[in-house]
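**Student:** When you line the sequence shown up against mature numbering (1 follows the signal peptide of the UniProt record, and there is no 0), it's residues -18 to -1, 1 to 524, in that order.
Quick caveat, the hints were computed from the structure, so don't treat them as lab data. A portion of the hints provided could be inaccurate.
Label pairs and their calculated CB-CB ranges [claimed, not checked]:
| # | residue 1 | residue 2 | range |
| --- | --- | --- | --- |
| 1 | S169 | K370 | 32 to 40 Å |
| 2 | Q60 | K370 | 42 to 50 Å |
| 3 | I155 | Q191 | 44 to 52 Å |
Quick reminder that beta carbons are idealized off the backbone N, C-alpha and C, glycines included.
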Amino acid sequence: MILALICCLTLFMGHTGAYSLLNDSCTFSSKKCNDLPSFASTALLSQRDVAYNATIDQQMTVGLNVSSTLFAPYGYTQKGLAYLNRALEVGYRSLLVDAYWSDEHTQWQLCPVELQDWNGEESAVRIADSSYTCQGNLSLSDIYGVLGQYISYTDTNIAANVITMRVSLHRAIGSKSSPQKPQSLSSELASYFTTKLYTPANLTSDRRQGIALDPYGHPSDKGYPTVHQFLFLSKKRLLISVSADNSTRYDFDSDSNVLFRPGFGVADPNDIELATTINTQECTDTQLGQLVQPNEHNDTKITASWRTIIETSNHTFTNSSLQRYVQCGYSPIINTPFDSEEDLVAPIEQTMWGWAPGQPDSNDTTTDIDASNSSSIPVSYNCAALDKDGWVVTNCYQEMVPLCRVENETYSFVAGNSSVRYFEGHGGCPEGTRFAVPRTALQNSVAAVTLADHLPLWVDLSSIAVDDCWVSGGAYSQCPYHVISHNRNNIGQLASAVVVAFVLLVVVFLLRLDAVPLRKNRNRWRRLMNKYSQVEYQGVPA
């Protein structure tokens, strides 16, 4: 009986063991996200989650020009497509794609040059001073295929993300003029993306229903849905915008309800800014501070939708410039060829808008912001604080002032009234404010700039329930990706199991105790019967 109870307890505790969020978050990759450090995978997921109520147009994403970064060095071939798949896996969420109309083959091909041979073989093509390695029959549909497959196997709560694709259309070099109009892009989209494509018709409907918001969180006829609305309620994943050279004679009207066209303002390829020092000068501390109290005189360009910047040959991105563009709310597009697959990872690590470099790292106790009394307090490195370099993992039992957001104000943050432990963060905020975490890169920059003299500050972000699962909503918020809590919370579960086991043992003991008199009575009765039998036998006459 006791052995059975021990087995039951073992099974119970075995089912409540620690849950590895990172292993699950990388199951969509055959390589298990080997190229991304564990902290980067965790950081990407937590940044997506805190952006729950921010609109999709204000999200910072890292993108790449597929033609220049992948196809130029590796050829317009299946190998180049394989690198595109890896780029999606490590965290690139914005694609700039060039497609070329071939009159000869009536296809939107990826190779810039008209190919005479369409048998799928690789061939070197040289035009003027440029040379290309192209594979025949490689078309825009192949891009759709890679992207559609990625969306399919990441369509889970833990892996879903917002993706934008900007398609620029051209006429293939050497293509002969034809009276036939190019093929409509939307004709093939349904077979690749089913219901996951977000269309102009969807946006119009969202604006009409009042669920499209401006950067300050107010319903607007120029607004966009929140990340939560887009991914988990509408269950969308992808927006595609298109632009075209005049030479293509492309008919935009044929796609008007499916693809975003120039002038619509949604991820427009024509609106991408070139990287210069002027861009960051438009994002000064003074201008960031003005977002706290917006008015008609403030420059609203800093909160414009889909702010995107691409590097040029004269202004290539550096680690510091990438970080600054991100802090200013830009989504950078990499334009420099990648020399190796490992090079794909570096820009992702450098563009974490929330976490400080190398964070979150619960094993790094050097991030204690004030460890003067650390020897006398409990230890739990599962809470985040905003410091000058970003969010850092800190001991939840330390005392510091919380970051508080003024209610109904997107960019207005204040420091709390007093220093408290993380668990009392909500109580440390003044009336009319709430314990908060910045939800976008711009919000994070505004908080860091306007409250620089008060740093470090607790932010409403912790992994108390499950290691590596960073959630907002206070100390008792549960990880949304697994119903089973971490071993730290298994103390209560173990206590319950012990109580149940104790009760069972008491019941067994009482049953055994209750059985003893019965056995004694049974033995006594047997002795009496034996004695009676003997007396009866002896009393029979001979």
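**Student:** It remains to establish, for every hint, whether it holds in the given structure.
**Tutor:** Checked hints:
no.: 1; hint: S169 with K370: 32 to 40 Å; result: violated, 52 Å
no.: 2; hint: Q60 with K370: 42 to 50 Å; result: holds, 46 Å
no.: 3; hint: I155 with Q191: 44 to 52 Å; result: holds, 46 Å
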